[in-house]
Amino acid sequence: MAKYTLPKPEDMSAVRYEYDGKDWMDVPVDMRPGNWCYAAPLKHQELLKLPHPHKWHPDDEDWGLPENWKEIILAGMKDRLERFRSFGLFMDICVRCGACADKCHFYLGSGDPKNMPVLRAELIRSVYRRYFTKAGRLGRLAGARDLTVDVLKEWFYYFYQCTECRRCSVFCPYGIDTAEITMMGRELLNLVGINIGWIVEPVSNCYMTGNHLGVRPNTFKDNIEFAVDDLAEITGIKVEAPIDKRGAEVMIVVPSADYFAEPHYFTFLGYLALFHEIGLDYTFSPFATEGGNFGLFFEHDEMKRLNAKLYQDAKRLKVKWILGAECGHMWRVLHQYMDTMNGPADFLEVPKSPVTGTVFDNARSTKTVHICEFTADLIRHGALNLDVSRNDDFRVTFHDSCNPARAMGLFDEPRYVMQNVLNHFHEMPENTIREQTFCCAGGSGIGSDENMEARLRGGFPRANAVKSVHDEFDVNTLACICAIDKAVLTVLMEYWIPEVRVAGIHEFVGNALVMKGEKKRTLNLRAEPLPGFAEEGEEAADV
Amino acid sequence: MSFERLLVERRRAIVEDWFHKAAETYPSGMWNLLKKGSNRFANPIGGTLAEATEALYDALLRGADRDELAMLLDTSIRLRAVQSFAPSEAVAFVFELKGAVRRAFKAEIRKGKFSSDLADFEHRVDEAALVAFDTYMGCRERLMKVRSNEARGLTRRLIERAGLSFPDSPPPGEAAPPQDGRTRGATP
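Chains as they are written, first to last, in our numbering: chain D, 88 to 630; chain Z, 65 to 252.
Be aware that a few hints might be false.
Mimicking BS3-like on lysine-lysine, the simulated pairs with C-alpha atoms at most 30 angstroms apart in a straight line are [claimed, not checked]:
no., chain 1, residue 1, chain 2, residue 2
1, D, K332, D, K606
2, D, K554, Z, K175
3, D, K554, Z, K170
4, D, K439, D, K407
5, D, K221, D, K240
6, Z, K177, D, K109
7, Z, K162, Z, K175
8, D, K308, D, K554
9, D, K325, D, K607
10, Z, K100, D, K554
11, Z, K99, Z, K85
12, D, K391, D, K332
13, D, K157, D, K142
14, D, K136, D, K157
15, D, K109, Z, K99
16, D, K240, D, K325
17, D, K554, Z, K85
18, D, K391, D, K308
19, Z, K175, D, K109
20, Z, K99, Z, K162
21, D, K554, D, K130
22, D, K396, D, K308
23, D, K109, Z, K209
24, D, K142, D, K109
In short, the hints are calculated from the structure, not lab data.
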């Protein structure tokens with residue numbers, strides 16, 4: 088009988104959990120600038136009444152931890168192991184097969200073994216084994232280690248180099264959601280006052296004023312009015328954009344970047360044109376002015392609170408259902424966590440398109456429809472008059488934004504919309520799109536500028552795929568349906584492929600949409616000349 | 065047989081040796097993956113290095129100019145410029161080609177053959193390394209510009225509405241041509 092030796096788990100993957108021959112446990116974290124984000128400002132920690140608010144800096148030797156920090160972390164871990172069965176399972180069932188190891192964009196872009204999802208999870212799993220399993224007494228033999236300040240720093244360094252995009256979970260044979268391990272790691276850090284400004288400040292602003300930037304209702308109204316004026320200059324039609332209209336059929340929730348940042352703003356103009364054209368009875372809320380929910384990134388109670396806010400205002404405005412815009416994490420919260428936090432939203436009605444009569448059964452519980460589903464349904468029923476040629480200057484590829492793609496399975500609707508409003512659309516390679524999409528590397532609250540290097544290398548797998556369609560098909564536009572993507576991919580392209588710009592899908596819809604009573608359209612929503620109108624556009628600009 | 069001809073004949077072994085040395089500048093845990101040279105989208109660093117080393121070798125053999133060398137080095141250096149390498153480490157893999165060639169010509173070198181040919185070739189490698197350094201510096205400058213443009217892009221619309229402007233900041237997507245290896249690296 089032929090001798091057959093079973094492969095060891097570590098032989099099953101092409102990767103090894105080591106640094107130049109050294110075991111990962113023997114390699115201390117090196118807190119290099121460019122790889123971490125600044126701490127949260129004290130006033131925002133205090134405003135949210137976060138545990139152990141204090142001033143600290145990742146570069147400092149002393150992080151100002153509370154004296155009993157270790158007890159706090161271990162108690163927090165015990166509490167979460169008891170409350171969240173998934174966390175306990177994920178701590179126990181990993182066999183370290185390595186299937187996830189080479190699927191993470193941060194690992195593929197950096198080569199740092201602790202960026203492998205399996206090893207990133209081991210950072211916390213090793214502590215779990217030490218304090219919560221019998222075998223843990225064997226220490227290193229059982230893959231266990233003591234919780235020390237250096238371990239805590241390592242957690243901070245690597246859990247904030249994970250965008251919770253969940254690409255790794257797609258490949259895990261056990262279905263371990265590594266993003267949830269990162270979420271637990273960040274929650275535990277928060278218990279001792281370790282969190283970051285780019286998350287805590289938006290959450291605090293959102294809690295106080297309704298959106299990440301702290302834009303107050305009067306400024307929000309001004310911004311909407313600016314957008315209405317800008318759209319009127321392009322189309323000749325001054326649309327209504329109601330705010331705080333009680334009894335409207337639909338409440339619109341957009342990510343705040345849509346009404347002040349570029350290229351988001353052009354997508355926002357697209358929504359306004361679309362809603363006007365189909366005669367939608369809708370309203371913006373002056374308080375629910377943010378789709379994004381950064382609570383998801385560090386503390387589940389904060390996530391719950393911000394999610395509740397949207398529904399509170401839908402209740403106050405007595406709308407029937409909610410239409411959610413091109414936002415990313417908003418959809419993960421809605422589809423995966425809302426029902427057990429604040430749902431179901433029984434006081435609203437099951438969404439039904441007032442134009443086509445389509446009932447969105449998939450949104451029966453949350454009562455919130457994604458705008459791509461809504462628009463795809465309009466197009467499917469021939470409800471829109473579209474001049475596709477207006478988008479002929481855009482040669483487009485589509486980045487599946489992680490959360491709409493992997494957390495809610497929204498793959499085909501955005502593509503259907505694009506195929507109906509664009510003549511030039513090219514897919515990126517198969518293993519970089521749909522459920523295997525590569526993250527922008529700035530999601531989950533780490534799209535900050537102090538960690539730009541980490542973002543640019545983490546975004547390399549995505550940029551590499553965009554470059555392939557840029558080289559092959561002369562693609563010049565990267566479309567996506569997430570506000571963070573629109574900001575982060577713009578920077579990513581500027582570094583890797585400056586010839587490619589970023590756009591939202593409803594920007595293309597707004598360009599192609601032939602509106603009743605519109606003036607002769609010579610400009611797109613960016614106020615650039617439409618194809619064939621370059622000279623007229625220039626003349627118009629001269630006037 | 066001439067040195068040039070032998071370089072062509074031994075291309076596969078030399079390029080593979082060079083590529084492996086380049087891959088070994090990353091943590092050892094990643095070597096197997098990088099060297100596997102599978103799908104460039106599943107293995108983007110390995111794929112990039114494999115393509116760069118192969119194309120650069122051919123370019124050096126045909127005496128390509130600095131512009132072409134810069135173009136071929138672009139993606140791998142652009143990557144290494146944001147991978148926490150020291151500047152010297154980021155470009156050092158180019159020099160590794162010298163070792164790969166010397167290993168492939170061990171027998172001839174021992175006999176004292178090709179010494180002037182070898183010196184000429186190594187001079188070309190040095191030139192490619194200098195181009196790599198220009199590209200590296202361009203990438204680091206670009207990184208700083210990208211950071212400042214991002215901050216400005218986020219608030220540009222609000223600032224314009226207040227009747228103010230950034231005189232020197234093009235909006236995102238309309239940035240000035242990159243002042244780096246992509247367009248300038250090879251032309252001092």
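Here is what the structure says about each hint:
| no. | hint | verdict |
| --- | --- | --- |
| 1 | K332(D) - K606(D) | holds, 29 angstroms |
| 2 | K554(D) - K175(Z) | violated, 47 angstroms |
| 3 | K554(D) - K170(Z) | violated, 40 angstroms |
| 4 | K439(D) - K407(D) | holds, 9 angstroms |
| 5 | K221(D) - K240(D) | holds, 26 angstroms |
| 6 | K177(Z) - K109(D) | violated, 42 angstroms |
| 7 | K162(Z) - K175(Z) | holds, 18 angstroms |
| 8 | K308(D) - K554(D) | violated, 39 angstroms |
| 9 | K325(D) - K607(D) | holds, 15 angstroms |
| 10 | K100(Z) - K554(D) | holds, 22 angstroms |
| 11 | K99(Z) - K85(Z) | holds, 10 angstroms |
| 12 | K391(D) - K332(D) | holds, 25 angstroms |
| 13 | K157(D) - K142(D) | holds, 19 angstroms |
| 14 | K136(D) - K157(D) | holds, 21 angstroms |
| 15 | K109(D) - K99(Z) | holds, 20 angstroms |
| 16 | K240(D) - K325(D) | violated, 54 angstroms |
| 17 | K554(D) - K85(Z) | holds, 26 angstroms |
| 18 | K391(D) - K308(D) | holds, 26 angstroms |
| 19 | K175(Z) - K109(D) | violated, 40 angstroms |
| 20 | K99(Z) - K162(Z) | holds, 20 angstroms |
| 21 | K554(D) - K130(D) | violated, 43 angstroms |
| 22 | K396(D) - K308(D) | holds, 19 angstroms |
| 23 | K109(D) - K209(Z) | violated, 37 angstroms |
| 24 | K142(D) - K109(D) | violated, 35 angstroms |
The earlier numbered hints that this structure contradicts are 2, 3, 6, 8, 16, 19, 21, 23, 24.
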